Amino acid sequence: SKLHPLTGRCVLGSAGCKTDVDQLRSVLDIKMKVYAHNHRKPMATPSVAQMLGNTLYYKRFFPYYSFNVLAGIDSEGKGAVYSYDAIGSFERTPFSASGSGQSFLIPLMDNVISHKNRLDERRDLPAEEVVEIVKDAFLTAGERDIYTGDAVDIMVITKDGIDKQTFQLKAD
Amino acid sequence: MSEFTCSISPTEGAPEGFSFDNVHRNAQIQGQLLSNNSNNNATRSASGNSSSASVLPLATKTGTTIVGVVYKDGVVLGADTRSTNDTTVADKNCEKIHYIAPNIYCCGAGTAADTEKTTELISSQMELLRMNTGGGQSRVVTACTLLKRMLFRYQGYVSAALVLGGVDHHGPHLYQIYPHGSTGKLPYTTMGSGSLAAMAVFEADFRDDMTEDEAVKLVQRAILAGIFNDLGSGSNVDTCVIRSDGSVRMGRNDITPNEVGPLRESVRRSDVLNMRPGTTAVLGETFVRAKGLGVTLADVTVSEMET
Chain A
1 SKLHPLTGRC VLGSAGCKTD VDQLRSVLDI KMKVYAHNHR KPMATPSVAQ
51 MLGNTLYYKR FFPYYSFNVL AGIDSEGKGA VYSYDAIGSF ERTPFSASGS
101 GQSFLIPLMD NVISHKNRLD ERRDLPAEEV VEIVKDAFLT AGERDIYTGD
151 AVDIMVITKD GIDKQTFQLK AD
Chain B
1 MSEFTCSISP TEGAPEGFSF DNVHRNAQIQ GQLLSNNSNN NATRSASGNS
51 SSASVLPLAT KTGTTIVGVV YKDGVVLGAD TRSTNDTTVA DKNCEKIHYI
101 APNIYCCGAG TAADTEKTTE LISSQMELLR MNTGGGQSRV VTACTLLKRM
151 LFRYQGYVSA ALVLGGVDHH GPHLYQIYPH GSTGKLPYTT MGSGSLAAMA
201 VFEADFRDDM TEDEAVKLVQ RAILAGIFND LGSGSNVDTC VIRSDGSVRM
251 GRNDITPNEV GPLRESVRRS DVLNMRPGTT AVLGETFVRA KGLGVTLADV
301 TVSEMET
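Quick mapping for you: the protein sequence lines, in order, are chains A and B. Letter 115 of the first sequence, counting from 1, is numbered 115 in the working numbering, and no numbers are missing. Letter 166 of the second sequence, counting from 1, is numbered 166 in the working numbering, and no numbers are missing.
Incorrect hints may appear among the rest.
Below, computed lysine-lysine pairings styled on BS3-like, alpha-carbon distance capped at 27 Å [to be verified]:
no., chain 1, residue 1, chain 2, residue 2
1, A, 170, B, 117
2, B, 185, B, 117
3, B, 72, B, 185
4, A, 170, B, 148
5, A, 78, A, 18
6, A, 41, A, 159
Since the hints were made in silico from the structure, they are not lab data. Note that the coordinates shown come from a computational prediction; the quantities given were computed from them, not determined experimentally.
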């Protein structure tokens, strides 16, 4: 799966070279185990975010070919999304997209999630509605990007845990 | 020479063939882009993605799975309907089976413009030839020869890989034609990026002297293999049956296994995606009256330029 839960409240999604992605996850899993062992609690999402950034920069001159998106619940119980480049530059953002289909998803989310370039009144979007928007967005990306398709794994992360569902896309 | 040969083109002096006017300019732009790239790479490059604006615009290719099969009473041609621009789908339902003559059709893979224009050109030449030689039926081998002669002349620069099929008084014929001009005459053939997936189906199930129904089903399965297993091919299956009695059945969108409608229906579409008028800011409006369909006479004085 392209999504990898790091804790019960934090999920890592990665695009790029699969072998580097697998290795990165392996390394992170080990570091999180060590942290949990030493601190007697699972790592908080902003800390995971920093650690991922550091881990990537550690290999600044022979990078992990991995374009990551980290999502989870922060220490205040609010949702957090972090976007990364291959060498560890990261930033907390309202949303993120990575991979071959990102050019199709980002402009749509700019308009719908961040409410850019629209004059109508902005309203809060509940989780179920956002999930439906994501499905629709992936259908669109699947139409025009040859690498996007087959199925989408969707994980909804709340303070109570992670809900997983799979949405089928076109297989061509 | 009799009055039936047309050795003098009625449009003599008019531009023919390809225009090479932009070759020098394109080479200059390419050179500039390359030196820009080396300048940019010398400075910081944090992003992992390479800018796609650093190359000349790519020609639309047809990715493609195209196939042809000879059966007992004729030939069946098949094609998918996806055309791609690098990795983006440019046209989800393009037509890859081109008309050459009433009894000859041609599937095209490679650069979309090349396949389209090449087949149009040869179709036109065949029609003129029919007119100049007593109005009989065209032969498939004629179309093949015209195509290969043209493609060889352009040394592979016209990127058209074709599956040519038809029926003439010698029977059903199927040819494969490569961009450099080589040809093969075969009972079954596949071309394009999905050719391996389609050929796997053919090699397993092809037999000589199939019925029309068997042949069409085989072609459909081969194209479907390409559609689902090759990323360069997708969307729908087009077929074309050309029979010995001269009849043709064009199966445009014969099978449509990739309709997005049902998938979209299954999503409870959010209201934020319905953008009513007024959602987008209008900065200004101008109204320009449409000019009538007449001819305006202009009084123009022409004076010679002093050099």
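Would you pick out the hints that fail for this structure and give their numbers low to high? Hints 1, 4, 5 contradicted; others consistent.
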